[in-house]
Amino acid sequence: DAGITQSPRHKVTETGTPVTLRCHQTENHRYMYWYRQDPGHGLRLIHYSYGVKDTDKGEVSDGYSVSRSKTEDFLLTLESATSSQTSVYFCAISGERTSREQFFGPGTRLTVL
Amino acid sequence: AQKVTQAQTEISVVEKEDVTLDCVYETRDTTYYLFWYKQPPSGELVFLIRRNSFDEQNEISGRYSWNFQKSTSSFNFTITASQVVDSAVYFCALNDYKLSFGAGTTVTVRA
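Chains as they are written, first to last, in this note's numbering: chain A, 1 to 113; chain B, 114 to 224.
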């Protein structure tokens, strides 16, 4: 199994508070991704990174920011959490942008009250 | 416009029945990659198969088989002789310049 961990695995927070989720990999893969999974939508890309300090937006990036200061860590921050951001968040990694499969972390279940 | 369509939301079968999951995709690129992932009730996402747009050869892996047809933009997945452990949500995905997932098909296999 690909070495990907996410922390925390579960979090309950209140509307308006900042939240940071962490993704850590031990595979030295260049590409890292954050997705959210909601019923009926499959997985939707929030942001991705193609290298240290190199990031770009996905299809549902509003209200989220990311940072990658080291190859192995990719942080997702909800600046001011809203109830619509209640979701399961998955981190993924891949060695190539398009041609290779992505391997996913175990997910973080976030509830915003 | 949705790039990956999985028309079947839920499928329920009795053990040992075959089940086919449909996936239709849309892309303008000539080079792209297709994937299937499995998400069992425990929640993790498990990679099953990758296929590139230049390889239309069908593939069989144990009880799993995949039928890729560029002419109909389809990449269907069949589970033969289903088992209870096959119960999961199955996602089809397309990567042309980014990975787009279908909404998933929930497969329930009853003993």
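Just so you know, these hints were derived from the structure itself, not from any lab.
Quick caveat, the model's predicted, so the values are computed rather than measured.
Quick reminder that beta carbons are idealized off the backbone N, C-alpha and C, glycines included.
Check each hint, because a few of them may be wrong.
Using C-beta positions, here's what the derived DEER-type ranges look like [to be verified]:
#, chain 1, residue 1, chain 2, residue 2, range
1, A, Pro8, B, Ala194, 38 to 46 Å
2, B, Pro154, A, Ser65, 30 to 38 Å
3, B, Lys211, A, Val52, 14 to 22 Å
4, B, Val159, A, Thr82, 43 to 51 Å
5, A, Ser65, B, Glu157, 25 to 33 Å
6, A, Thr82, B, Phe167, 24 to 32 Å
7, B, Glu157, A, Thr86, 15 to 23 Å
8, B, Phe160, A, Pro18, 28 to 36 Å
9, A, Glu27, B, Lys211, 30 to 38 Å
10, A, Glu14, B, Thr133, 44 to 52 Å
Evaluation of the provided hints:
1. Between proline 8 of chain A and alanine 194 of chain B the C-beta distance comes to about 40 Å, which sits within the given range of 38 to 46 Å.
2. The hint said 30 to 38 Å for the Cβ distance between proline 154 of chain B and serine 65 of chain A, and at roughly 32 Å that hint holds.
3. Range check, lysine 211 of chain B to valine 52 of chain A: about 20 Å between beta-carbon atoms, so the 14 to 22 Å window is met.
4. The hint said 43 to 51 Å for the Cβ distance between valine 159 of chain B and threonine 82 of chain A, and at roughly 31 Å that hint is violated.
5. Under the hint 25 to 33 Å, the C-beta atoms of serine 65 of chain A and glutamate 157 of chain B, about 26 Å apart, fit the expected range.
6. As the Cβ distance of threonine 82 of chain A to phenylalanine 167 of chain B is approximately 44 Å, the hint placing it in 24 to 32 Å is violated.
7. The beta-carbon spacing between glutamate 157 of chain B and threonine 86 of chain A, approximately 20 Å, falls within the hinted interval of 15 to 23 Å.
8. Here the CB-CB span from phenylalanine 160 of chain B to proline 18 of chain A is close to 33 Å, well matched to the stated 28 to 36 Å.
9. About 20 Å separates the C-beta atoms of glutamate 27 of chain A and lysine 211 of chain B, a value inconsistent with the hinted range of 30 to 38 Å.
10. Hint check: glutamate 14 of chain A to threonine 133 of chain B, Cβ distance near 45 Å, so the stated range 44 to 52 Å holds.
Violated hints, in rising order: 4, 6, 9; the structure is consistent with all others.
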